[in-house]
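J.: Sequence:
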Amino acid sequence: MSTTAAKQFWFVVGSQHLYGEEALAEVKAHAQTMTDALNNSGVLPYPLVLQELAVTADKITSLMKEVNYRDEVAGVITWMHTFSPAKMWIRGTKMLQKPLLHLATQFNESIPWATIDMDFMNLNQAAHGDREYGFINARLKKQNKIVVGYWGRPEVKQQIADWMDVAVAYNESFNIKVARFGDNMRNVGVTEGDKVEAQIQFGWTVDYYGIGDLVQYVNAVTEQEIDDLLGQYAELYEFDFGTNSKEAWEASVRIQASYEIAIKRFLDEKDYNAFTTNFEDLHGMKQLPGLAVQRLMAQGYGFAGEGDWKTAALARLLKVMSHNQNTGFMEDYTYEMAAGQEAILQSHMLEVDPTFASNKPKIIVSPLGIGGKEDPARLVFDGKAGEGVVVSMVDFGTHYKLLINEVSAFEPKEPAPKLPVARVLWSVKPNFQDGVRAWIENGGGHHTVASLNLTTDQIVTYAKLVNLEYVVIK
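Per this note's numbering: the sequence shown = residues 1 to 474.
Derived by calculation from the structure, the hints in this document are not laboratory data.
Cβ pair distances, simulated, as ranges:
| id | residue 1 | residue 2 | range |
| --- | --- | --- | --- |
| 1 | Pro154 | Gly340 | 35 to 41 angstroms |
| 2 | Ala248 | Ala220 | 22 to 28 angstroms |
| 3 | Ala339 | Asp71 | 52 to 58 angstroms |
| 4 | Tyr335 | Ala248 | 34 to 40 angstroms |
| 5 | Ile111 | Pro154 | 18 to 24 angstroms |
| 6 | Met95 | Lys286 | 53 to 59 angstroms |
| 7 | Glu269 | Asn187 | 29 to 35 angstroms |
| 8 | Lys59 | Asp183 | 49 to 55 angstroms |
| 9 | Lys59 | Gln299 | 41 to 47 angstroms |
| 10 | Ile440 | Ile90 | 41 to 47 angstroms |
Think about it this way: if two alpha-carbon atoms lie no more than 25 angstroms apart in a straight line, the pair counts; the simulated PhoX-like pairs of lysine-lysine are:
| id | residue 1 | residue 2 |
| --- | --- | --- |
| 11 | Lys98 | Lys59 |
| 12 | Lys373 | Lys362 |
| 13 | Lys65 | Lys98 |
| 14 | Lys141 | Lys87 |
| 15 | Lys142 | Lys157 |
| 16 | Lys195 | Lys264 |
| 17 | Lys286 | Lys362 |
| 18 | Lys418 | Lys384 |
| 19 | Lys59 | Lys94 |
Ideal Cβ placement from N, Cα and C applies to all residues, glycine included.
Take these sequences, add in the hints, and give me the full structure.
T.: Now the structure itself:
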């Protein structure tokens, strides 16, 4: 899989010298206990690294400068063990360029009524410190995440973990590079977008390459490389010859294998982690890449069809956020409108992401009615069931907008023996009529990124970090 570099998060605990060295030593000990417990819980996807206590403006500013400078640090989690005057935090917080989570918790879960005294009150006053610290973040319009609750509870740890995934994706957003093989599909509106604004707002680099640049890589693939890759296919997939001869089927699959090798080599050598194709730009290619694209999506590369670079970049972003689990490019195709069974069939002409597969995918070779090329090989499977989100990014000329619709995916009950593509089926929330109407009214695209692993809250958290307008349909 195309992965991101190892990341960590810094744990910064606020206090002040007013309480004395003995109290500060206890604060540090409590913070270390929490850090160790959270790291050993098995819930956090990235390590938490405790820093020196934040007790002066200079120390806080120095910490935030270091966070910005160090690429391996994806964000900061703060906790106000005691009261920590907010003016100390202003300069450092203004300088911080990475995601910030305010953990509103305290070391003890319950108040010890039998023994509580003013020493305990002075040491354990997170309720006091949270409000002072929260005020300055709100005043600075920091768009920080706030997680509230006792740090040892499973739901609190899960919220921290979910935010960590968003923070890593936010950092990765500035490393997303999309290679466009060919241009956008002619006459299509929603796949267009302002590439300069996308780089300013999201950090995405989008570059064009003529299909001939890729053809050179295809022609350089060796027969031995193809043989080796077909061996991997045999271990992972069923081979379904259908009405094709074994020889014709294998010839088609070998072409797709050469495309997979070539595209991956092209992307890796030029440091791209997302790409697009277009069935209208295939000069020098025998087939539209299908199986090849599906295999690369499964490895973590972002993709979208018809030159839709916005969705390809978004797919890469959400694959990073979800650890490439049950997340990828999707397209609305056909309504099921029977009363009480309303749903939307999701698919594409070839390129459905196999991270959604509920059964063992099979490789088939079937005609493709557009593009004017040879019959391409593709993976066919049924999609998984689960609760999820479907996300679309659209350019409204003056600004970008993100649409988020919560969905319930379910495995198809009926076989589709004549359908030569993978299929995913879901119902939209809050219901079919209102969900579809809201999507259309808000200009949502037909190309989306779907995820059965991510939550609405995670997508909204990212949108706030990049000052992106969003609409939630649920």
